[in-house]
Amino acid sequence: MLIHPWDAPRDEAEWQQWLAAHDFGQLSVNGLPGEAPYVQPLHFAYDVERAEAVTHLARPNPLWPALEQNPVVLLSVVDDYTFVPGPWQAAPDGPSEHGTPTSFYAAVQLRCTAHVVDDPAEKAALLNRQLSHFQPAGGSARVAAGEAPFGRMLAGIRGIRLEVTDVRAKFKYAEKKPAEVQDRIAAGLAARAGPRDAGALAVQRRRRGL
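Just so we're aligned, residue 1 is where the sequence shown starts under our numbering, counting upward by one.
Be aware that one or more of the hints could be misleading.
[Said to hold, decoys possible] Using C-beta positions, here's what the derived DEER-type ranges look like:
no.: 1; residue 1: Ala155; residue 2: Leu32; range: 21 to 27 Å
no.: 2; residue 1: Pro60; residue 2: Glu180; range: 51 to 57 Å
no.: 3; residue 1: Arg129; residue 2: Glu97; range: 49 to 55 Å
Note that these hints are calculated values from the structure, not bench results. No residue lacks a Cβ here, since even glycine has one placed at the ideal position from N, Cα and C.
With the sequences and hints as input, model every part of the structure.
Structural data, given as structure tokens:
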């Protein structure tokens, strides 16, 4: 992922706070020889203090042999994206039809070493960590190995601890453009009010300190 200086996060806290609110991504695992990489959409819970993400997948998932052969994986998260029409990006002193269309998006890529979790008690603890993240208000029984209602279901899944070894983050929101152009884009997003425009506009405004 190409990251220009103006697209880089201000600091680690920026991408960490963004990631805390964006907990669905794609886990990319190198394929076995002669095969394409595996890309698995999934929910995950990221722990800043432990520098790891936790998740789980069904035991029949076909990616397990590839993951065990090469545990170096990439967890990719992209959101707050939208299309920006060319005229919105036109130079202040140029014709609108000369503006270049582009995409706005935020992206965080976590390079990780994957650790497969098969011990029933450890899987239960991993699932409870995910539940604490996704259901902080509770409402579901805790998972405990050998106990109802979920204990007998543990055999059907495998847990994954993703130990983060490197992070690449990008916030692509035309920050290299003149303020007049950025204002025009913001006005366009607000007026268009498309399905993903509000999220992109919120990040653009935050990055500009507005």
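Hints, verified against the model:
no. : hint                        : result
1   : Ala155 to Leu32: 21 to 27 Å : 25 Å, holds
2   : Pro60 to Glu180: 51 to 57 Å : 55 Å, holds
3   : Arg129 to Glu97: 49 to 55 Å : 53 Å, holds
Going through the hint list in order, the structure satisfies each hint without exception.
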